[in-house]
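> When you get a sec, could you build the whole thing from the sequences and use the hints?
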Amino acid sequence: MNASSDVSLELTDIAVHYGAVRALDGVSLGVSQGEAVAVMGPNGAGKSTVLKAIMGLAPVVAGEVHWRGRRLEAETHEIVKEGICFVPQGRRVFTHLSIEENLEMGCLYLADEVEKRRRLESVVELFPILHGKRRDMASQMSGGQQQMLAIGRGLMGNPDLLLLDEPTLGLAPIVVGEVFEKVREISDRLETTILIVEHNIKGVLEIVDRGYVLDKGRIVHEGTPDSIRETNILTDVFLGRVNPEQYEGEIGQL
Amino acid sequence: MSQLSESIRGLGASGPLRRMPRANVERIATVVVLGWAMGFMLWQGAGFTITLTTIFAIWAILAVSLNLVVGFTGLLSVGHIGFFGIGAYTMAILASDASYDQLRTESIPTPDWPFFAALPICIALAGLVALGVGIVFNRFRDDIFVLVSFGFAIIAFSFFLNLRELTRGAFGIHEIPRPAFGSWALDGEVEFLVFALICLALVVLICWLIVTSSFGRVLTAIREDEEAIAVFGYRVTHFKLAVWVLSAMMAGLAGALLASWTSFIDPNSFILLESMLLIAIVILGGLATIWGSLLGAMAFVLLEEGMRFLPFLPPEFVGQARQVVLGVLLVVLMLFRPQGLVGRYRL
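First to last, the sequence lines map onto chains R and F. At position 176 of the first sequence (counting the first as 1) the number is 1609 in my numbering, and the numbers step up by one without a gap. At position 104 of the second sequence (counting the first as 1) the number is 106 in my numbering, and the numbers step up by one without a gap.
FYI, nobody ran anything at the bench for these hints, they're computed from the structure. Just so you know, even glycine gets a beta-carbon here, dropped at the ideal spot from N, CA and C. Warning: the hint list may mix true and false statements.
[Unchecked claim] One side of the interface only, derived from the structure: several residues of chain R facing chain F at Cβ under 8 Å:
1) Met1488
2) Thr1509
3) Val1513
4) Lys1514
5) Phe1519
6) Pro1521
7) Gln1522
8) His1529
9) Leu1530
10) Tyr1542
11) Gly1590
Okay, here's the thing in structure tokens:
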């Protein structure tokens, strides 16, 4: 993808190697301001590694990440201050802290108590399920509630870009829909740019503007939800019928 | 045999004691340990009570400070005894009586400082060493961290034993003075006890302020999930280093108190076994709880000193028997109450 003024996040030829394993191999993608973009693919395709590479949590051996036209080279804790928030896979809420304390973790570095309180109220308004349970320990919540808490904690940092890693993983089907609805609401209401890694293809294609299909560490398709549904690319990658090499030229033109 | 193992499983980690509400266990443990202490003191009289309470105060400072690192932050350090030793030796070297004939075989520099002039140096030096060591240790986690802290305890002991120009090696250092305010020296046991308890109260207050602050919440989060907290903009290494240094400074204070109270120290007070006993106290009382560390230290001191009075135990076996009993107690505790008397977490 060529750099353009409306592209907020741009990854160019990113390669991540864990020893001999090439988790990402020349991945390039872009997300525009206010867009919701999905990264999809089978297990081991490197989806989560894309997000970790952005956050400085993966060993990037080649390529560049640009955020609002500036190269991101900082350490993880500094990247957060650039307005990027990562909600990791598996919820990872702090079970020995209360719901309110968990939320505060999202912006504990903020000295302005009034602003902190305002953000807290705004998150609780977005997730009414957290209302009235603020003093409860996070360990007492269900998986779905914990996921809402994890996303809410991410929003406490008032991010411009929200990176969501498998937010519906391990959740009951009825809760999955609620999580997707909330993600769409965040995108529409707060105009937060979202890059979401998801295995629930059907669900995620309902809420995103565009999607990338990743296989064996390479992007093999990019397009709108409709264009992705029209092709058999997802069936092919999940059944292992794709040779990423054959897509290189095609992706380069997108 | 199978019936026996079945019963142990029934009573053990998933048994009734484990499932009992935390508040109930806390109350029972508190009543038992405090009752035990009261009974023991009434039996032994004021003199021994003062000694016992002074020992308790010193061990409690160590336990509370170690719990900051082990319990609240989740860094299992077995090197805390090294900082305790640094505090003790710094006090001994700076404050020991210059006029005392140091057995002539090994003389060391004796600046002959007053206790209160030496005390800040003891605390600062322990903190400074912790800072240097911590910068390196921050790279490690989990079992590797245990190993490197183990290495630190061994290195510290080797210094105490072999740096004879400063520590007098195995001869130890004598005539370490008690604290004094001008001409008023805290020579009496009661005065020293009050001073030690004030120090303990200060340490408890500082620890309480730490763990109830936002800094303390970050420590809890680090304990639970270091990577998750890092993605919210926290420099985890800085937090770990800060709590490590603070904890070491408190251990340095405890060391200075020990040196002054006993007026003599040698490397045997800072062997690895002491570090293990200290870890045992923290686990016994409970991880991530200040009250637990105080209870654990009290139970340990009562157990350790109380065994002197067992009629069937010859005096020469008391030392070894104490370690055996403490070891057995820990095994039993891990079976029935793995989170310790009033703890929040399992190790």
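> Please go over all the hints and tell whether each is borne out by the structure.
The hints, checked one at a time:
no. : hint    : result
1   : Met1488 : holds, 6 Å
2   : Thr1509 : holds, 5 Å
3   : Val1513 : holds, 4 Å
4   : Lys1514 : holds, 6 Å
5   : Phe1519 : holds, 5 Å
6   : Pro1521 : holds, 6 Å
7   : Gln1522 : violated, 10 Å
8   : His1529 : holds, 6 Å
9   : Leu1530 : holds, 6 Å
10  : Tyr1542 : holds, 6 Å
11  : Gly1590 : holds, 7 Å
Checked against the numbered hints listed earlier, the structure breaks hint 7 alone; every other hint is satisfied.
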